[in-house]
Amino acid sequence: MSADYRQVIYSNPFVRARAKVGTVMFDVVLSLLPILVFAYLAAGTRALQILGVSVIAALVSEFVFSWFFLRKTNSLKDGSALVTALLLACTLSPLTPWYVVAFGASMAVLFGKILWGGLGRNLFNPALVGREMMTVFFPAVMSSGTLWAFQDYVQVEDIRFFRTIGESTSGEYWDSLLFKTTGAIGEYSILFIVLGGLFLLLRKRISWHIPFGVFVVFFLFLRLLDISPEHYSIAGLLFGTIFMATDMPSSPSTSSGKLYYGMVLGAVAAILVWQQVRFEYMSYAILIMNGFSREISSVFKPVVWGEKSDWKKITGQALLLTLAIATITLAVLQLHNLKAIPYAVYVYIIYTIIKFKFPIKNSLIKKQSV
Amino acid sequence: MIGIVSYKDQTKEGDIGRLESPAVLSVPLSASLGKPAFPVVEPGERVLKNQLIGRADGIVSAHVHSPVSGIVLEIKTATNISGKSETFIVLENDFREEALQLSKSDIQTPRNFVNLLKDAGIVGAGGAQFPTHVKFPSETGKLKTFIINGAECEPYLTADFTLMKNRYRELMQVVELIRKVYQPDKVVLAIEKRNKELRSVFEPYREICSVKLLPDSYPQGSELQLIHSVTGLKLKKTQLPISKGVLVSNVGTLYGIYKAAFEGIPFTERVVTVSGDNLEGAGNYWVKVGTPVRHVLASAGKISGWDNCHVVLGGPMMGVEVHRLDTPVSKGTSGVLALEKRPLEAYNCIQCGYCVDACPMGLMPMQFAVAYRENDLKAFEEYRLGQCIECGACEYICPSNVPLIDSIKRGKQFILVNHK
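Sequence order for the protein chains is A and B.
Numbered per my numbering, the first sequence finishes at 378, counting up by one with no gaps.
Numbered per my numbering, the second sequence finishes at 710, counting up by one with no gaps.
Please keep in mind that the hints were generated in silico from the structure rather than gathered at the bench.
Heads up, the beta-carbon is just placed ideally off N, CA and C, and yes, glycines get one too.
Any given hint could be a false lead.
To be verified - A short, non-exhaustive set of chain A residues, derived as facing chain B with CB atoms under 10 Å:
no., residue
1, 23
2, 25
3, 27
4, 85
5, 88
6, 125
7, 215
8, 259
9, 263
10, 265
11, 266
12, 301
13, 314
14, 330
15, 353
16, 354
Said to hold, decoys possible - Mimicking DSS-like on lysine-lysine, the simulated pairs with C-alpha atoms at most 30 Å apart in a straight line are:
no., chain 1, residue 1, chain 2, residue 2
17, B, 526, B, 432
18, A, 316, B, 526
19, B, 408, A, 28
20, A, 80, A, 363
21, B, 534, A, 316
22, B, 631, A, 320
23, A, 80, B, 434
24, B, 408, B, 534
25, B, 483, A, 212
26, B, 526, B, 302
27, A, 28, A, 320
28, B, 483, B, 527
29, A, 316, B, 699
30, B, 470, B, 524
31, B, 432, A, 212
32, B, 408, B, 483
33, A, 28, B, 298
34, A, 212, B, 298
Please take these sequences and the hints and turn them into a complete structure.
Below is the structure:
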């Protein structure tokens, strides 16, 4: 018994919901649009150049690599390359050199997605894979002290919206949420990051479980570990949680799994912040959790109709899982402190290539997508 | 459960029409998963309308009667719509309508009642065609809650709705009969919110039958989900509802019981929704069991343009496509639909989890596609394939058009084969 899954077999149902993969991706792009407007206000054409280079590099790579490695020529249609490109650009400084951006976007598509077998089969968030590749292969550029000094490009210094309509003290606070001119391209408007998230929530492109889990546990850990606010960026945390951690292929597929995933993600991120990981804590935390999302889905299954969950078994498996995640987190922390993260990335590159050339069916791969 | 499209408006208005009798009928002898009926007529023999032509063979089997008077042309075996071989009695209609009647008896006891259901060949009209006489207990005291399933959650279909709207007196006569015979604690008619105008129709009968409004979600009409919505009981798929004092009958089945109990007519005819995309003459019709689909569609007004249509028996969610238009309507055919073919593009599963949220049984449908692709018997069992009711909600919602139902159906066969 074998079936070619590229070919659609006409069987019931004969009616289908209108929303397809392209619709899902289009909604993500829509939710990002206001954020991109603020990127222009904060960093002018520099921001637009970064976005443009990222998009072009990702689309070209998608077309070329997907034709070369997967023999598919229509994969641009699903819109995932565009989303990856925008998300990647949103995590970068407006001053990132164009060739580094192009490299990142291209690697995001190739090593983040294509070599896994295309959209949906990837274990890790492609945009974050691209970002890590940039840090590893262009360390001087990515950690340069002047990378984030883009004051000269700022178009609008300040937006006085809430101060105009309300009183000045709280107005100032709200205006800072509406617009500020520091951080990465996607981080200038906390308000519109949240609104974008609400839009995706209403359209059911994300569910509340992951963001809820992340925020509750992250802030709980902040209080427990007594971490002061200058060690992390709220905008970065929000952007990562809403747009990156909820990425469908790399996050769990069940509600309880998503809640667990979000909560542990919040804990991992907080621990990394606590251990002085300055800029990469969100990327690391999400990538670590990505690696476990398929396992999480299979541990946190929904409750079968008319039956009761085997709580003993689930608790046992969840404990093991948590232990494994904790171990990996400690390992990543060690590598980070030893400045050995590049070696982890090299291993990842070799692994994806070998996996692509010699597909092995082990239990982990089996749980992957269709 | 999920909200889905409706497409019911084009057939909701008006009474039930009558299709001309076809010249040739092929009456199927099998009903549900049980044994098919055994033919009791010979080719060349003349039969009267309502005459027994197939005798129930085994416990889960139902009698089959002739829908017309005429000559038995042949008893043929052919592949049915599910790909299994099935026996049909082919009848030539003489249009004389010379009819027999079931022997009338005063139904006082559950045993009488069950015998009547058996004599009349009543099966579940919702689609599963499970013999109704097997479902009803043959003693009093067992049946506490009788639920009439008026939740017609499949898009396009309005056959039950029209029956409730136009034949409510007859339905309530059956309710009175069941009350008299079984003395249940309560009888509930479960309908969906979109049909709430029916509440006023059944208002005069509130003493004998209460109306329960259910959300317009899919698959609300599925037995387990329906029982839960009405009584709060969550039964396992393997549990018989009557073991908890609950029994569910479809509106169409109930009307079949009316015909048998009050008019002495066995189950040879049913209401079928004829509908689809751009179909002229869409509506609800009385159709004789055994009528070829071609005749149904042609009489309803559309005869050309098949090439671009899926012709589906049943609803669009769970129905089966027919590739031969001489396929007959059976006792379980609630709809004959001509649905426009639309190009489908398949993507990889993107792990969105929509199918998991949609699954009424609490399963992870996307895992069945993986398990089927990898012939992974263990994974099928780990993800509880046996619990799937094949409602199709998962594939309806899937943004990648992953062939989930196909994997599920083939997966069940795969398990059967590998367990032998």
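**Evaluation of the interface hint that places residue 23 of chain A against chain B, nearest CB under 10 Å** = Hint holds; residue 23 of chain A Cβ to chain B Cβ min 4 Å, cut 10 Å.
**Request:** Identify whether the interface hint at residue 25 of chain A stands, where standing means a beta carbon of chain B within less than 10 Å of its own.
**Result:** Since chain B brings a Cβ to about 5 Å from residue 25 of chain A, closer than 10 Å, the hint holds.
**Item:** Restraint outcome when residue 301 of chain A is required to lie within 10 Å of chain B by C-beta distance
**Value:** Constraint on residue 301 of chain A satisfied, holds at 8 Å.
**Item:** Distance restraint between residue 80 of chain A and residue 363 of chain A, which requires alpha-carbon spacing of 30 Å or less
**Value:** Since the Cα atoms of residue 80 of chain A and residue 363 of chain A sit roughly 19 Å apart, the hinted pair holds (cutoff 30 Å).
**Message:** residue 470 of chain B and residue 524 of chain B were given as a pair; does the straight-line alpha-carbon distance stay at or below 30 Å?
**Reply:** Holds, because 28 Å separates the two Cα atoms, which is no more than 30 Å.
**Request:** Mind checking the alpha carbons of residue 408 of chain B and residue 534 of chain B for me, to see if they're no more than 30 Å apart?
**Result:** holds, 23 Å
**Prompt:** Taking 30 Å as the top limit, are the C-alpha atoms of residue 526 of chain B and residue 432 of chain B close enough?
**Reply:** holds, 19 Å
**Prompt:** Regarding the pair residue 534 of chain B and residue 316 of chain A, is the alpha-carbon distance no greater than 30 Å?
**Reply:** Cα-Cα ~18 Å, so holds.
**Message:** Less than 10 Å between beta-carbons is the criterion; does residue 330 of chain A satisfy it with respect to chain B?
**Reply:** Residue 330 of chain A check fails; min Cβ-Cβ to chain B is 21 Å, beyond 10 Å.
**When the least beta-carbon distance from residue 265 of chain A to chain B is tested against 10 Å, hint result** = Hint on residue 265 of chain A: holds, closest Cβ of chain B at ~8 Å, below 10 Å.
**Item:** Restraint status (C-alpha distance of residue 408 of chain B to residue 28 of chain A at most 30 Å)
**Value:** Answer violated: residue 408 of chain B to residue 28 of chain A is near 48 Å, above 30 Å.
**Message:** Can you confirm whether the C-alpha distance between residue 483 of chain B and residue 212 of chain A stays at or below 30 Å?
**Reply:** It holds: about 24 Å lies between the C-alpha atoms, which stays within 30 Å.
Violated hints, listed in ascending order, are 14, 15, 16, 19, 22, 23, 26, 27, 31, 32; each of the other numbered hints is respected by the structure.
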